[in-house]
Amino acid sequence: MEDASATVDSANDDGLTEAVQEAGAVELILIRHGESEGNVAATEAREAGVEVIDVPARDADVDLSQTGRAQAKALGTALARTAAKFRPDAVVSSPYARARQTAEIAVETAGWPLQVRTDERLRDRELGTLDRLTRLGVENRYPEEAERREWLGKLYYRPPGGESWADVALRLRSVLAELNNLGMGHRVMLVCHDAVIMLFRYVLEGLSEKELLDLAATEVILNASVTRFVRPSGVGPWTLESFNVADHLTEQGVAVTEHAGDTNARPQ
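The numbering used here applies: residue 17 is where the sequence shown begins, and numbers increase by one.
Everything labelled a hint here was simulated from the structure, so no lab data went into it. Glycine included, every Cβ here is placed at the ideal spot set by N, Cα and C. Incorrect hints may appear among the rest.
For each label pair, taking beta carbons as the anchor points, the in silico distance ranges come out as [stated by the list, open to error]: (1) Glu63 with Arg97: 34 to 40 Å; (2) Gln268 with Thr134: 25 to 31 Å; (3) Pro159 with Thr93: 44 to 50 Å.
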């Protein structure tokens with residue numbers, strides 16, 4: 017782990033905006049939060065074939081599970097081995113409790129003298145009226161929405177009161193634009209959510225809708241996993257250096273957990 021308001025309407029042939037190309041940072045380290053109590057509840061609900069996920073709090077306030085805390089600590093132990101010149105200059109987290117706790121535990125364990133900042137643009141996708149419902153719950157309670165979601169696909173479907181993946185991508189383009197203000201040479205660690213990491217790939221790599229949804233249908237972002245983008249010159253397009261790496265958990269005997277969202281992402 018050795019090796020972080022501009023306009024968005026001017027894109028090159030790869031689909032990358034000028035704001036992203038000129039961001040100035042040389043490394044982005046993307047971390048999915050550790051396993052949360054909500055992850056566990058959602059998986060149990062799907063496996064039990066029930067309609068409603070029995071989460072203990074609103075989405076923003078769901079804590080890490082005990083396994084999630086162990087994962088965050090293992091992440092911090094691995095980060096502590098990072099050579100000083102390769103350490104992040106800034107750690108920014110989604111304000112949601114599970115992400116913020118992951119960031120704080122990891123930074124404290126690593127012994128880094130950094131304050132974890134939060135940015136609401138890194139929060140998980142808003143599900144609106146479909147919040148807390150399993151796929152079965154949506155199909156039974158909102159059949160027209162289930163049909164509309166299947167027709168539009170995950171990138172463009174926006175549930176009532178919620179967000180599409182395209183909406184989240186717009187948030188992330190704004191985050192990347194602000195990296196202009198960090199200056200050259202900065203490395204930034206962002207602690208966020210599985211959909212957010214998928215959409216960072218979409219934005220930074222200029223993926224097509226098909227490429228994004230194929231990726232989402234076949235890959236599960238592991239809890240406390242690490243994804244890295246680099247560009248040593250600080251300008252131009254980003255290169256995906258590593259994706260969804262959780263070897264640091266296995267090496268320390270900590271459980272690797274998969275809690276995927278709805279993988280039926282393609283328009284039907």
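Cross-check of the supplied hints:
1. Glu63 with Arg97: 34 to 40 Å: holds, 37 Å
2. Gln268 with Thr134: 25 to 31 Å: The hint (25 to 31 Å, Cβ to Cβ) holds, given that glutamine 268 and threonine 134 are roughly 27 Å apart.
3. Pro159 with Thr93: 44 to 50 Å: Cβ of proline 159 to Cβ of threonine 93: about 48 Å, so the range 44 to 50 Å holds.
When held up to the earlier numbered hints, the structure conflicts with none and fits them all.
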